[in-house]
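**Student:** Below, each chain spelled out in residue letters.
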Amino acid sequence: MLLLGARESKRTVFLRRAAERAGEPFTFLDWDEIFSRNAAKGSVGQNPDGAAKGTAGQSPDSAVNGTVGQSPDGAANGTVGQNLDGAANGTVGQNLDGAANGIAGQSPNGSIGAEWKLFLPARAAVKIDPPVWNTADLSQMQGYLEQYRRILRTMSASDVRFLNSPESILLLLDKRRGKECLQGAGIPTTKMYRFRAESAEKLIRWMAKERVSSVFIKPRFFSGAAGIMALRRHPAAGQLLAYTSCYLKNGKLINAKRLFAMRETDQILGVLEKIIELDCIIEKWHPKLSFQGKSFDLRVVYQFGHIADIAVRQSRGPITNLHLNNQACPVETIGLSERTMDAIEDVCQRAVRAVPGLQMAGIDILLEKGSGRPLVIEMNGQGDLLYQDIFGENRIYTEQIYQMGQQETEWRKLGESKRKPKRGRTERGKQEPKRGRTKWGSRKPSEGTQRKEWSGNVAD
Amino acid sequence: MKIQGTKRYSYSYEEYEENDVNAATMLEEILADEEFTSLNELVIGCWGEAWEDSPQPIINGIVQQPEKFSHIDTLFVGDIDFEECELSWIIQGDYSKLWGAMPQLERLVIKGSTELELGDISHNNLKELEIICGGLQQSCFDSIQEAKLPELQKLFLCIGIEDYGFEGDVNTLKEFLEKTDFPKLTYLGLADSEIQDDVAKLILESKYIDQISTLDLSLGTLTDKGGALLLEEIPKHPNIKKIDLTYHFLSDEMVEKLKGLSGVEVILDEPQEPEEYDGEVYYYAMLTE
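Line by line, the protein sequences give chains G and P. Quick note, the first sequence lines up with residues 5 to 464 if you use the working numbering. Quick note, the second sequence lines up with residues 799 to 1087 if you use the working numbering.
Only chain G is shown next, with the shape it has when bound in the complex (with noise of 0.2 Å):
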C-alpha cells in the first residue's frame, strides 16, 4: 500500500507505525516531490530522500514483489510496471530520474496524473494525506491549495484501490460543495447563507438588512481554523466584534496561532475584507452546547461504516479547532446521552454515505444549544488524526491499514481471477484489529441536567 503524504508529519509517523506493527509493506511518497515535479524544476534524482526509496523493495513480504512486477498485469501497464520493477530490485531514485525527464520535462503541465501514476504499485491501496504548508501568509497557501487541488484533479486511476478518492477529497476540500451535498442529502448542518460577500462593507450592509448577528466567515479552500472569522454586529447600535486566528502584517493576511479578539471596527473590517478576497461562505453562528462553562463542538472520525474516536474540543471562544490551543478532551468526559450518541452516529454514517468514494471522514459536528440535536459543521476527507487516539492506541491508522490491507488483496484477487488463472497466493492471514470504540464507556444519563458550577469558572 501507498501513503502519499508529508514527510514529518504525524499522519505519516503514526500510519507508518501502524503498518509496521501489522508487517504490512508500506510504501510512502512525499508531496514534495510530486510538487517539484510539478514545477518541472529538475528531476528527482536531486533529491536524495527520493520519497519512493520505498520499503515495499526491501520487505521480502511485499505485495509488489509477489505479484505486480512479474504479472502480465503489470506488463500490460507499461510503465508501471517497470517502474515497481524497479522498485523491487532497489534502484527507484534512477527509474523515476527517467521518468520524469521523459514526462515532465516535456510537458509540464498536463503530466501530473501520468507522472504519479509512475509511483503507483498497481492494484495498490492508496492514502492521500494532505501536504504540510510551511506559510502562516494566507493568500500564499491560497495559492498552494489551488495547486494542491489541481493535482489531486489528475490523480484519479482505475488501477488501485483509494481509502478516499481524490474526487471525494476534493469535493470536501470544497465548504461550499461539500455543504451543498451534504444538504442535498437532507444531512442536518449548520446554515450557508445564499449570500455571497463581495466585500466587508456589503457583508456587514446585508447583516443589517436581515438582522443577521453572528456569522462565520470562512475561506472555502482552507482548512482548519485558518482564516475564519466569528462577527457579531450588535443588531440595534451596529457596533462590531470579531474573533479570528488572523491578522493583517504588512498589508497581507497573516495566520496565527491563537484566537483575536477585535473590537475596532477599523480593524475589524481591514482583516475581514482580506479574508473575504480568499473566496468565502457565510454561515450561521449556532450557539453551541456548552459543559462547564466552556462551549464545545466534536470531531468525530468515521470510518468503514462506524465511528472510530470522538474528540470535544472545548473552547471559551467561537473557534474551537484544535491546534489553537483549546483543550481537547475524550467524549466520555462531557457525558452524553445515548440518544445523542445515536444520533451522531446516524448523521455520521448518512454523511459520509453522501460521499461516494469516501471511506473515512473526519465530522465536524456541534449540538445545538437548547435542542441537543446534532448538526454538521464540516466534513474532511483527510481529517482522521486525533492526537488522543494516536498518542493512546492508534487505533484509526492501525484500522485502516488493516482494511487497505483486505481490500489490496481481495482487488489482487479479482484482477487474477478475471485475466489469470489462480496463482495459489495465500491470504494475508491478518487478525481484525479493534474497530476502535464500539461502546461509548460510561455513558452519563445525565445530560441536560447537568448546570454548570456558578462561581469562579463561570466563562463569558
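Source of the hints: derived by calculation from the structure; they are not laboratory data. Among the clues, some could well be false.
Interface residues of chain P toward chain G, partial, derived using beta-carbon atoms under 8 Å [as the list claims (entries may be wrong)]:
1. Asp-879
2. Glu-882
3. Asp-961
4. Glu-965
Short derived list, chain G residues pointing at chain P, Cβ under 10 Å [claimed, not checked]:
5. Ser-217
6. Phe-264
7. Trp-289
8. Lys-292
9. Gly-297
10. Lys-298
11. Ser-299
12. Arg-320
13. Gly-321
Treat the numbers as computed from the prediction; the structure is a model and nothing was measured. Quick reminder that beta carbons are idealized off the backbone N, C-alpha and C, glycines included.
Since the structure of chain G is provided, determine the placement of chain P on it from the hints.
**Tutor:** Just chain P now, kept in the frame of chain G:
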C-alpha cells in the same frame, strides 16, 4: 422543611427568532410551571434578544408578586454564555426593589452589567453576591460600597475593563475595600482585572485579609509580581485556606512555588501566555474577549 430544587428557564435562539417570546412571556411561563413551586433555586437563562431587551419584566414580576417567589432563596439572572450573547452586550435590569421583595434570598448571581442598577442595598439574609461581567461600572461599586449586608459571606465581582464599563482605577478599589462593611465575609473575589497584581496587593493590605478563608484573584492578568506578593504575605495569614488563581500569567517556577504554600489550596488552572504583537506584549483578562 427546606425545599430543594433548581430549574433553568431559557429560550433557545430558534425559539426567540421564530416566536414572539421575551422576558414577559418567560415570567408567565415560570409562574404557570407546575414544578416552580417546588424549587428553591431559580435560574434565568436567555430571555430573548438579550442584547436589546432587559430582564426587567421578570424582576418586576418578582417585585409585584413577591409571595409567588417566596420559596426562592437562590436566584441567577443571566445564565447566558457567549454563544448566545456577548457578555458585554447583555442588558441587565434595575434591582433596587428586589432587596425588599425577597427577604428570604440567600444567593444572588447577576451576569452582565450593561444598564445594571443595584440601588440601595439592604438585606438581612443575603449570604452570597456575585456579579459576572466584562466591566463593572461606578454606580454598582457605589451601591455595594454602601450596602447593608450583615450576613454576607461571599462576594465575587468581576472588575473588567474600561471598554466594558469599568471606569475606575486602583483608588476606586482601595476605597471600595475600605468603605465596605461585611463582618461575616469569608470569600472575597475581585476578579477579571487588567490590574490583577494591584488588586492582589490591595486585598493583602485590606482589613479583610485576616477575616477571609478564600481569596479569589481569578480570570485576570496576575503575573509573577502578584505571585511573589502572595508568596510573601499569605503565610502571615493562616486564616486563608484557599486561593483561586484560575486563568493566570504566572511562570512555571512561580506556579511551583505557590503550590508549595503550606496549608493553602491554590488553584492554578488555565495558565495563559501573554500575546506579542508587533514587539509589544499584551496581557488580557479572561472576560474581555
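**Student:** Now, for every hint given, state plainly whether the structure supports it.
**Tutor:** For each hint, the structure was consulted:
no., hint, result
1, Asp-879, "holds, 5 Å"
2, Glu-882, "holds, 5 Å"
3, Asp-961, "holds, 6 Å"
4, Glu-965, "violated, 17 Å"
5, Ser-217, "holds, 7 Å"
6, Phe-264, "holds, 8 Å"
7, Trp-289, "holds, 8 Å"
8, Lys-292, "holds, 5 Å"
9, Gly-297, "holds, 7 Å"
10, Lys-298, "holds, 9 Å"
11, Ser-299, "holds, 5 Å"
12, Arg-320, "holds, 7 Å"
13, Gly-321, "holds, 7 Å"
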